[in-house]
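There are 2 protein chains.
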Amino acid sequence: MFVLSAKDGKPLYSQLYQQIRNNILSGDLKPGTKLSSSRHLSKELCVSRTTVDMAYQQLVSEGYLVGKPRSGYYIEALDNLNLPVFMETKTEEEAILNEPVKSPKYNLQYGKLETAIFPFRKWRQLTNKCLRDDKEQIMSYGPAQGEHGLRTAISEFLREYRGVECTANQIVICPGTQYCLNLAGQLIQPSTNAIAIENPGFWAARSIFSNMGFRIIPVPVKKHGLKVKQLRMTDAQAVYVTPSHQFPTGNIMSITRRLELVKWARESDSIIIEDDYSCHLRYNVRPIQALQALAPDQVIYIGSFSKILSPSIRVAYMVLPQKMVDRFLLSSEHFPCSVPFLIQKPLELFLKEGEWGSHLRKITRHMKKKRGILIQALKHEFGDAVSISGGNAGLHLLVQVMSQLSEQELVARAFQAGLLIHPAGNLWQDQSDAPFGTVLLGYGGIALEDIYPAVQLLRQAWLEDE
Amino acid sequence: MFVLSAKDGKPLYSQLYQQIRNNILSGDLKPGTKLSSSRHLSKELCVSRTTVDMAYQQLVSEGYLVGKPRSGYYIEALDNLNLPVFMETKTEEEAILNEPVKSPKYNLQYGKLETAIFPFRKWRQLTNKCLRDDKEQIMSYGPAQGEHGLRTAISEFLREYRGVECTANQIVICPGTQYCLNLAGQLIQPSTNAIAIENPGFWAARSIFSNMGFRIIPVPVKKHGLKVKQLRMTDAQAVYVTPSHQFPTGNIMSITRRLELVKWARESDSIIIEDDYSCHLRYNVRPIQALQALAPDQVIYIGSFSKILSPSIRVAYMVLPQKMVDRFLLSSEHFPCSVPFLIQKPLELFLKEGEWGSHLRKITRHMKKKRGILIQALKHEFGDAVSISGGNAGLHLLVQVMSQLSEQELVARAFQAGLLIHPAGNLWQDQSDAPFGTVLLGYGGIALEDIYPAVQLLRQAWLEDE
Chain W
1 MFVLSAKDGK PLYSQLYQQI RNNILSGDLK PGTKLSSSRH LSKELCVSRT TVDMAYQQLV
61 SEGYLVGKPR SGYYIEALDN LNLPVFMETK TEEEAILNEP VKSPKYNLQY GKLETAIFPF
121 RKWRQLTNKC LRDDKEQIMS YGPAQGEHGL RTAISEFLRE YRGVECTANQ IVICPGTQYC
181 LNLAGQLIQP STNAIAIENP GFWAARSIFS NMGFRIIPVP VKKHGLKVKQ LRMTDAQAVY
241 VTPSHQFPTG NIMSITRRLE LVKWARESDS IIIEDDYSCH LRYNVRPIQA LQALAPDQVI
301 YIGSFSKILS PSIRVAYMVL PQKMVDRFLL SSEHFPCSVP FLIQKPLELF LKEGEWGSHL
361 RKITRHMKKK RGILIQALKH EFGDAVSISG GNAGLHLLVQ VMSQLSEQEL VARAFQAGLL
421 IHPAGNLWQD QSDAPFGTVL LGYGGIALED IYPAVQLLRQ AWLEDE
Chain A
1 MFVLSAKDGK PLYSQLYQQI RNNILSGDLK PGTKLSSSRH LSKELCVSRT TVDMAYQQLV
61 SEGYLVGKPR SGYYIEALDN LNLPVFMETK TEEEAILNEP VKSPKYNLQY GKLETAIFPF
121 RKWRQLTNKC LRDDKEQIMS YGPAQGEHGL RTAISEFLRE YRGVECTANQ IVICPGTQYC
181 LNLAGQLIQP STNAIAIENP GFWAARSIFS NMGFRIIPVP VKKHGLKVKQ LRMTDAQAVY
241 VTPSHQFPTG NIMSITRRLE LVKWARESDS IIIEDDYSCH LRYNVRPIQA LQALAPDQVI
301 YIGSFSKILS PSIRVAYMVL PQKMVDRFLL SSEHFPCSVP FLIQKPLELF LKEGEWGSHL
361 RKITRHMKKK RGILIQALKH EFGDAVSISG GNAGLHLLVQ VMSQLSEQEL VARAFQAGLL
421 IHPAGNLWQD QSDAPFGTVL LGYGGIALED IYPAVQLLRQ AWLEDE
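Chains W and A are the protein sequences, given in the same order.
Residue 310 in our numbering sits at position 310 of the first sequence, with consecutive numbering throughout.
Residue 443 in our numbering sits at position 443 of the second sequence, with consecutive numbering throughout.
Hint data in this document are derived by calculation from the structure and do not stem from the laboratory.
All C-beta atoms, glycine included, are put in the ideal place defined by N, C-alpha and C.
One or more of the hints may lead you astray.
Covered stretches of chain A (chain W as the covering partner; in silico rule of three or more C-beta atoms under 8 Å from a C-beta of chain W) [said to hold, decoys possible]:
(1) 117-128
(2) 202-214
(3) 319-330
(4) 339-351
Over the 10 Å line for every Cβ pair with chain A, so calculated as not near, a few chain W residues [said to hold, decoys possible]:
(5) Leu4
(6) Leu29
(7) Pro220
(8) Arg266
Only chain W is shown next, with the shape it has when bound in the complex:
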């Protein structure tokens, strides 16, 4: 089934990892399937057991496999993860065979939001209003950058709330942050083939830029943010950063570091891609101005409504340096904006009609409360057995568990107990750099009253012997 070749140039474990992963993604390996033990597989393939173990470990930490203690490795039920879902069940029989091993009790994955967040009633009103009042626009192609009204509303919010200096003509509305990253990649491609990325950092950025053919240069993140000195030693002419709330460490880039970064960008005529992904949600810290404000000509600024309204609404935005607007317009000729008018217009009205301010306050208050309870519960249940970081903004905590359990064992045990959590290892370019036993706990999707019971379950799964 798996064909490994010493001549391939890639390490054997990496070949094996790739082939299993492809088989999972193509559906040839169905969720719930148990893989051969590493002892068996290593014999079958005539490779060392370590080779197989390393491949399995990689797959576990990326969430493709779950290791069950004293049982073996199983293919994860992928539709429970934030991965593309592609399994098609052709017959009812197959559907039964494909049933996930266990349906989870609590979802602590990153990206999911509670239904309580979305203004369902208001959205219905606003959509209905558009369907009534804007028929002509619904039947035409709109501007490539997105509706002017929405761009104006966003530029006003950004000025007031983030100190971003821009006009509506610098804004491009996109269907999601990933689309923004792709577009940013296209815009910088003429001038660089190497892009520096925070390490640890946002997995999607690494994956998207790397798929576009960029060489990825990981640059370490410390307490005050990305190490600019190290960046200076590379040939990158672009860098991806999350300065206001580093993903996943939560560190805030210091002003000294920001100025250094801007100096680097100016001197080397480079571009900074600033992902302000959690800009709407901030707790207990003074407002931090966006990096864009320091160097509007060097920064592509990216924001999104996925964490404050809905992940499935698919609206993000980027603020381009003025000099890039022409390049965007030329390359987007004959390419209409990809966000439907029936999403853009209700959102514009929502931002303008004064609902936005109270929505922001309400959601921030709610998320802050959940974050507080999650921290409290973790401290209460685990005491000194966990180390928590990353919590002054956003929707996640980075949690290191002081035990003998590796990251994949933590994720597997949580899964067994009915909890979905993310491994943190794949946030590091080289997973061996990741701190031992660290996971990401997202609290956007879990209800307030479920947090304590979920953490109790985690303690049982992690600290109590079976």
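Knowing the structure of chain W, use the given hints to seat chain A on it.
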């Protein structure tokens, strides 16, 4: 203002064309501005008058300029065209200065649809139903390929109506045909850097592939479709075609030609990108099976709801060869589907609830009627002075006017009379190959009762001496 250099490598007229175009796109040249006469500008730049004339002519045929008889060349009011709109009016004063020269009476541009087409009431009901019933899904990231239910509904429609053989797992939902073309480009990029395109052909395909860095190889289209013999002489490993209703000629690719094309693709292991853009609208011709049915392993099939529901709804779909599904899934990891759930789900319900069949019949009947009246009106008003082609499907006619008027004069005179129409020249790779005096008349956006008066106006503008 314009700096031309003989050392640049590019022809002088092309440099001038590029610079004026950039100035228009950046907003430095405002709509309505009159350009210097070619006599003046040629003196100022120390180039021949032909150089300036050629640049102007190119800009006119691409719709950036309008030539007004006995007056000169003016910057087009770009938001009346299907071009990206990017002018931002910063003050009310500027807004007045930027007002279009004249607001058009009739819109015969391609892409616009009448408001009567869209099921506004039904869409409101379906959206409201989703906002009520699907709260969990609205707050989660969906599958990368799009919602399973929508993909199933599309696969069923495609099988029944177009003979396309596929399962839902080969379908990818995308925000528009342009996005599909971009994605198709990414998927074939590893195996080819040259792509053959019908000549004449769809402007957006040429522009998108060329922006992605592909070398474009134009292959002529004759009565029975793309000349496969000529394609064989190229090194292209991918070809873009519109076999069921060639854009813009309306020719149907004969079955012999289709089989030749498939043979070429199989022998050279190449990919055919089939854009079935007008698949929903067919008049007076027997159903023509999609090319995909002949070679599902060699064809990327693309369809869209822009011409049958709404251009601003941003839903298109592609059917991938089974072997490409894995490649798509690997490259789209961490990249959620870009179409909002709140668009995907109402569309799925619309397709499933039996409204779809009657919608298709209603719109086809209506468009067929409009097309009949447009042809009748053209014959009545122009007699033998026009030659009409391209009309067995879709939403446009290709019209050659037998007069001394060039394409740009036809478009300019129509504009003066209050009619927006498309020039046809830029559908040819080399505009000098375009038949003299040919324009594209779109009838998707004009009301039935406006067709006759619009054509009468056209006759006055084109055939009567001023």
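- prompt: Are there three or more residues in the segment 339-351 of chain A whose C-beta lies within less than 8 Å of some C-beta in chain W?
  reply: Since 5 is at least three, the answer is holds.
query: Taking a Cβ-Cβ distance under 8 Å as contact, does the segment 117-128 of chain A have three or more residues in contact with chain W?
result: holds (count 7)
Assertion that Leu4/W lies outside the chain A interface [Cβ separation over 10 Å]: 19 Å, holds
- request: Would you check chain W against the segment 202-214 of chain A, counting CB to CB pairs closer than 8 Å, and say if three or more residues qualify?
  value: holds (count 5)
- request: Beyond 10 Å from every chain A Cβ: check whether that's true for Pro220/W.
  value: It holds; Pro220/W is separated from chain A by about 22 Å at its closest Cβ, greater than 10 Å.
message: Taking beta carbons only, do three or more residues of the segment 319-330 of chain A come closer than 8 Å to chain W?
response: Check passed, 4 qualifying residues.
field: Consistency of the no-contact label for Leu29/W, given chain A and a CB cut of 10 Å
entry: 12 Å, holds
field: Verdict on Arg266/W as a residue remote from chain A, using beta-carbon distances over 10 Å
entry: Non-interface label stands for Arg266/W: nearest chain A Cβ at 23 Å, farther than 10 Å.
In the structure shown, no violation is registered for any of the earlier numbered hints.
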